[in-house]
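Construct all of the structure, not just a fragment, from the sequences and the given hints.
2 protein chains.
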Amino acid sequence: MTDVNTLGEFGLIEHLTHNFPITQPSTLKGVGDDAAVIDNGAFCTVVSTDMLVEGIHFDLAYTPLKHLGYKSVVVNLSDICAMNAVPRQITVSIAISSKYSVEALDDLYAGIRAACDAYGVDLVGGDTTSSPRGMVISITAIGQGERTRLAYRSGARPGDLICITGDLGGAYLGLQLLEREKRIWAEHPDVQPNLEDQKYIVGRFLKPEVRLDMVDAFRQNNLVPTAMIDISDGLASELFHICKQSGTGALLEESGVPIHPEAQLMALQFKLDPITCALNGGEDYELLFTIDPKDTDKVRFLPDIYIAGEILDVADGIKLNTKGGNLHPLQAQGWKHF
Amino acid sequence: MTDVNTLGEFGLIEHLTHNFPITQPSTLKGVGDDAAVIDNGAFCTVVSTDMLVEGIHFDLAYTPLKHLGYKSVVVNLSDICAMNAVPRQITVSIAISSKYSVEALDDLYAGIRAACDAYGVDLVGGDTTSSPRGMVISITAIGQGERTRLAYRSGARPGDLICITGDLGGAYLGLQLLEREKRIWAEHPDVQPNLEDQKYIVGRFLKPEVRLDMVDAFRQNNLVPTAMIDISDGLASELFHICKQSGTGALLEESGVPIHPEAQLMALQFKLDPITCALNGGEDYELLFTIDPKDTDKVRFLPDIYIAGEILDVADGIKLNTKGGNLHPLQAQGWKHF
Numbered sequence: 088m089t090d091v092n093t094l095g096e097f098g099l100i101e102h103l104t105h106n107f108p109i110t111q112p113s114t115l116k117g118v119g120d121d122a123a124v125i126d127n128g129a130f131c132t133v134v135s136t137d138m139l140v141e142g143i144h145f146d147l148a149y150t151p152l153k154h155l156g157y158k159s160v161v162v163n164l165s166d167i168c169a170m171n172a173v174p175r176q177i178t179v180s181i182a183i184s185s186k187y188s189v190e191a192l193d194d195l196y197a198g199i200r201a202a203c204d205a206y207g208v209d210l211v212g213g214d215t216t217s218s219p220r221g222m223v224i225s226i227t228a229i230g231q232g233e234r235t236r237l238a239y240r241s242g243a244r245p246g247d248l249i250c251i252t253g254d255l256g257g258a259y260l261g262l263q264l265l266e267r268e269k270r271i272w273a274e275h276p277d278v279q280p281n282l283e284d285q286k287y288i289v290g291r292f293l294k295p296e297v298r299l300d301m302v303d304a305f306r307q308n309n310l311v312p313t314a315m316i317d318i319s320d321g322l323a324s325e326l327f328h329i330c331k332q333s334g335t336g337a338l339l340e341e342s343g344v345p346i347h348p349e350a351q352l353m354a355l356q357f358k359l360d361p362i363t364c365a366l367n368g369g370e371d372y373e374l375l376f377t378i379d380p381k382d383t384d385k386v387r388f389l390p391d392i393y394i395a396g397e398i399l400d401v402a403d404g405i406k407l408n409t410k411g412g413n414l415h416p417l418q419a420q421g422w423k424h425f
Numbered sequence: 088m089t090d091v092n093t094l095g096e097f098g099l100i101e102h103l104t105h106n107f108p109i110t111q112p113s114t115l116k117g118v119g120d121d122a123a124v125i126d127n128g129a130f131c132t133v134v135s136t137d138m139l140v141e142g143i144h145f146d147l148a149y150t151p152l153k154h155l156g157y158k159s160v161v162v163n164l165s166d167i168c169a170m171n172a173v174p175r176q177i178t179v180s181i182a183i184s185s186k187y188s189v190e191a192l193d194d195l196y197a198g199i200r201a202a203c204d205a206y207g208v209d210l211v212g213g214d215t216t217s218s219p220r221g222m223v224i225s226i227t228a229i230g231q232g233e234r235t236r237l238a239y240r241s242g243a244r245p246g247d248l249i250c251i252t253g254d255l256g257g258a259y260l261g262l263q264l265l266e267r268e269k270r271i272w273a274e275h276p277d278v279q280p281n282l283e284d285q286k287y288i289v290g291r292f293l294k295p296e297v298r299l300d301m302v303d304a305f306r307q308n309n310l311v312p313t314a315m316i317d318i319s320d321g322l323a324s325e326l327f328h329i330c331k332q333s334g335t336g337a338l339l340e341e342s343g344v345p346i347h348p349e350a351q352l353m354a355l356q357f358k359l360d361p362i363t364c365a366l367n368g369g370e371d372y373e374l375l376f377t378i379d380p381k382d383t384d385k386v387r388f389l390p391d392i393y394i395a396g397e398i399l400d401v402a403d404g405i406k407l408n409t410k411g412g413n414l415h416p417l418q419a420q421g422w423k424h425f
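First to last, the sequence lines map onto chains A and B. Going by this note's numbering, the final residue of the first sequence carries number 425, and the count climbs one at a time with no gaps. Going by this note's numbering, the final residue of the second sequence carries number 425, and the count climbs one at a time with no gaps.
Where hints are given, some of them may not hold.
Copies of one chain are not kept apart here, so a pair can be met inside one copy or by any two copies together.
Said to hold, decoys possible - In the EDC-like style, the derived pairs of lysine to aspartate or glutamate whose C-alpha atoms are separated by at most 20 Å in a straight line are:
(1) 153 - 101
(2) 410 - 340
(3) 406 - 340
(4) 153 - 90
(5) 186 - 90
(6) 331 - 400
If you're looking for bench data, these hints aren't it; they were derived computationally from the structure.
The following block contains the structure:
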């Protein structure tokens, strides 16, 4: 009997799905990217799905249900944007134990609704059922993309520039803060947490946003990233995905990785290295993408895009150039839920 | 605080989703049918999703994991067929506790694979994650249908004929048998169950099939049902859905409802009325559809289709004409998982 932990999450998916053939002419991309791609003529249908489990992916001790609903949608829309496609529809399935009231579910769906409104997507289906314990949320997002503008993980080439939208590590530090306050509250229920000075990082964790604005900006500037992935498990892990699927190496510049001042300060309070939080902390839902160097001017003047390195030959490995000028092989730890 | 049980499953879905607007021009049909419909020009993308929870929808005491995988796919493909569309792709997400080994998941995915092979669909994505307890399976099926050939629940008109594919009640009686053997086994672990004489009904429950052959037959015979739904919750409940959404009544003929001889016998053993099992037992995954009477000849010579009544005006209500010639108002109990 083999413990699933021996394979890890990505290994398990690969193990379970590697011998499923693709037989439909309309299946342009199956398992292995942010989303599947289905050919419908000029436009492709892009599909992605995620499952969130209480006690594994979310802790209702510090996650308001409305935020949970919002974030559950964002997580999925982010995968559609990571294909350079526009999200259009979602389905939402939930399993809930008897401890949840209708009012609690109304809060959850108010958050789902807010995300639908914010990003212009329709809720078109789903399932509700009971669960012996806790809550499970499964969302499938469906988007539309022009076939020639889709950005896969596999398209990076040596010489391409590595770009990042927004700042990283904030969601991870927000989570550390919430976990600390939860422990304090468990020991001293009379002490109220004060999160006022950390609104930014707490917000990054509880209410992340989708970089749909970037997909729009790419279209307006006639730019197609050579490869793209959303940063859900941490920058290092995502860069490894791009390099593995593109058959390349990479050089990441520490000085190019954007970190918010509030995240910097909180990392120091927790005695953590800020760059480690940015590399291995997850759930920021920014985009990591690569561009052909001839497109440099197209991104240079776009707000909130940071150039943070270069794609190398596979033989060069995947390295971090620190601010101190040292070259380290990069480790991809990511977030492990198993 | 409102207990979710006060709303019921359908009431809860309606309650949670009724104020979500449809804003995308491509969303032809949202919540409320077997599947959502997305416009992609000549062809529509049809999407349906279902969540199965251990201890609620399946009991691993008598459900082999391979069968569970197969059935999980069938349940979803059946919804696509119920739109008169052809299933093409699925995504599969699972949450599993640490009690499951890789070999157990291999069995589950072997069943998923067998269903993909049987019905020619591609597995194109999904998610695997851990769960604090038990297993949750969430599958989304994606199909393709010609816009003018899709069959919604809302299209039945007075005078239309009510048709049923295959026989009903078998899956419910198979489940009753398996539950009885489980109880016997719990009390007398040395007694081996003998299910040899009940292979048909046990198979109906453990390994249902999708009536994709009917979708093909409809196309070959240039027939478009005026309304269609798959029979997952029991014939009565499904007929109520069609009548409610079409704004009609119906007269169902008991003599027209097909019941397999093995199901007949087992119902009598359990001191149940066979027609009650057919009306209120679920999980047969046959199709209930209505046709314009001018199309009667098109279905009359198709195998495995039974004409079982007529759509009436809404004022006439929904009635059952028993074999004894009595008219009863029909009750829709369906299967309750809450």
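Here is what the structure says about each hint:
1. 153 - 101: between (33 Å within a copy, 19 Å between copies)
2. 410 - 340: within (8 Å within a copy, 80 Å between copies)
3. 406 - 340: Close inside one copy (9 Å), not across copies (73 Å); limit 20 Å.
4. 153 - 90: Only across copies: residue 153 and residue 90 sit 19 Å apart there, 35 Å inside one copy, limit 20 Å.
5. 186 - 90: Only across copies: residue 186 and residue 90 sit 9 Å apart there, 31 Å inside one copy, limit 20 Å.
6. 331 - 400: Classified as within: same-chain Cα gap 11 Å, cross-chain 63 Å, threshold 20 Å.
Checked against the numbered hints given earlier, the structure satisfies every one of them.
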